[in-house]
Amino acid sequence: MTMFKHLWLAAIAALLAAPAMAQEAPGLDDKINQAFADFTGPFVSFIFAPFPGTGFPWIVGWLVVAATVFTLYFAFVQLRFFGHAISLVKGDYSDPNDAGEVSHFQALATALSGTVGLGNIAGVAVAVGIGGPGATFWMIVAGLLGMASKFTECTLGVKYRNEYEDGTVSGGPMYYMSKGFDELGLPGGKILAVLFSIFCILGALGGGNMFQANQAHQQIAGITGDYPGWITGLVFAGIVFAVIVGGLKSIARVTEKVVPFMGVMYVAAALVIIIMNADQIGWAFGQIFAGAFTGLGVAGGMVGALIQGFRRAAFSNEAGVGSAAIAHSAVRTKEPITEGFVSLLEPFIDTVVICTMTALVIIITQQLIVDPETGKYMLNEAGNAIATVDGNSGVSLTSAAFGSAFNWFPYVLAIAVVLFAFSTMISWSYYGLKAWTYLFGEGHTKELVFKVIFCIFVVIGAAANLGPVIDFSDAAIFAMAVVNVFALYFLMKVVREELASYASRLKSGEIRKFEH
Amino acid sequence: MTTKIVIGLDGTETGERAIAFAKDLASRIGTCELLVVYVIEWSPFTFQTPEENALRHKRREEEVELATNRIVTPAVEALTADGYTVHGIVRHGDVAETLNAITVENGGTQIIVGRASADGFKKRLFGSSTQNLVMHADVPVTVVN
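So the sequence lines, in the order shown, correspond to chains P and F.
Positions 1 to 516 (the numbering used here) are the ones given, in order, by the first sequence.
Positions 1 to 145 (the numbering used here) are the ones given, in order, by the second sequence.
If you are wondering where the hints come from, they were derived from the structure by calculation, not from laboratory data.
Just so it is clear, CB atoms sit at the ideal spot from N, CA and C, and this is done for glycine as well.
There may be inaccurate statements among the hints.
Stated by the list, open to error - Derived pair list, reagent style DSBU-like, types lysine-lysine, alpha-carbon separation capped at 35 Å:
1. LYS334(P) - LYS513(P)
2. LYS451(P) - LYS190(P)
3. LYS190(P) - LYS4(F)
4. LYS4(F) - LYS249(P)
5. LYS58(F) - LYS446(P)
Said to hold, decoys possible - If you only want the chain P side, here are some residues facing chain F, beta carbon under 10 Å, derived:
6. SER87
7. GLY91
8. GLN106
9. GLY114
10. TYR164
11. SER170
12. LYS257
13. ARG332
14. TYR431
15. GLU515
When you get a sec, could you build the whole thing from the sequences and use the hints?
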């Protein structure tokens, strides 16, 4: 463990030093980025490698296959218990004597604020921009399947969490890997848990931090004009520091309240635009279905639409990654499986509702150019994406689509992106911290070390152009999924026993609603 | 049959007046049981950070302990010393709803509360807990000025 600790600290130091040096000596930028890319390249290439002869990344296949297996294994739990999940969130089954504990609603909202973000706004635009409207169909399919993955991991997260004497809790994949494997008499649980924790820390510092800081800066700079990223970084780091180290809960509370409001406003604006173009709804869905199976001329045809849809859903709702299992473990319930039911709403809200809204607005406002003669989509000059009205892609495509109906919306969207980025950072600082304390143990100083490192990475993320580092961080998040899904295959029978027991007690009336 | 009177406390001096009124009423009724209740304002539909969620159970225990030690236990002890049969309850929730629910659960026949202290904008928008209690309670409510 000591050897491992040294290696790990050296890796952190290397990560810290590389971009910092790049900032101090701009001439070295390319060399350092290149050195880092060379060092991490094989890992990144491995995670995002396509199946031979296709552009389909195997990691996306890994997540979709897992989601399908869990859907079949639990006999479409996401459909059978959807209504029950909503009842649980409403508090119908909550014992009034437990009032004051973390409610199902709170656990769901906290987990959602970690996943709803850039993936829903920029990611969908990329998917529809490349894969065409048909990508939306496959995105919805993947979102619906992903609900079963979330159900499995979050049930286990609560079942195997650690409850300490002082009343605090720690849970997540690292705990169900080590405790669950021990319980079943399987070897290797601890190794998986350590691997998962390492990837989780890297993912938290990268995708959950640097990438968010970087994108938030891009949004602010897009409105105010360009200025050095380290300024945004320092401000963000200061706020994050005040929240996670200083315990300044008021800022976190304001964000946690504003983010759901922004999410609702985003969906409401999308609905208004869709209703304003009500006559085109039928046409838009026609495009989505036709595109899903024919491609309608997009690059890669039907397979292209499928890849983009699946990929975006997997990247957006994190089903199978294991992060949500950490967030959901805090809920206090006598039945771990109830948290699994609640968590299956997460990919539904994130992907099936919010991502679909983004896609529909882009399609319905006709941002994608159709060839009037053939009725198929025209490709851009590079031939790698559909031509758009102003040549937009990514977040600017979503912004243009909403802006075509409300000219003030791009400003609101920019604020939303910044707030989403901030709330994602707060969530991931916690996920990373839990992985960190799993490896190094709980304790004020140990936790402080991670929190300070996290804040330093906010500045680096906002300041530097760190393509290779961000690639590496994204790869780390998906590496979490490799380890997590592997463990879930071994532990899913535990969830099935819980499900059978709960379902029979629900049917017999032993578990019933409380009168409120 | 024993009459059960519920006294809702809010940690301010209006609670003292509610207790005084309940004592007077109880001595007139004769066979009477008192239930001292303190509700910690809490909603299951607020938004929290992951860290707040992890610490929630601990905070809840601390809140219940504080309310019990500072408000409910002193009131119960004082009333017991005066010869009344008294129980105390501390629970989280919406003040009006929870006070009513506890009363119904325990077979209370009426609720006595002190007039709510002013609470600015929120009170104007949503009404005070006392107003909500008076409007929606299942048993008679006495508001002591």
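Hints, verified against the model:
no.: 1; hint: LYS334(P) - LYS513(P); result: 14 Å, holds
no.: 2; hint: LYS451(P) - LYS190(P); result: 24 Å, holds
no.: 3; hint: LYS190(P) - LYS4(F); result: 57 Å, violated
no.: 4; hint: LYS4(F) - LYS249(P); result: 41 Å, violated
no.: 5; hint: LYS58(F) - LYS446(P); result: 21 Å, holds
no.: 6; hint: SER87; result: 13 Å, violated
no.: 7; hint: GLY91; result: 5 Å, holds
no.: 8; hint: GLN106; result: 5 Å, holds
no.: 9; hint: GLY114; result: 8 Å, holds
no.: 10; hint: TYR164; result: 9 Å, holds
no.: 11; hint: SER170; result: 7 Å, holds
no.: 12; hint: LYS257; result: 5 Å, holds
no.: 13; hint: ARG332; result: 6 Å, holds
no.: 14; hint: TYR431; result: 8 Å, holds
no.: 15; hint: GLU515; result: 8 Å, holds
Consistency note: the structure conflicts with the earlier hints numbered 3, 4, 6.
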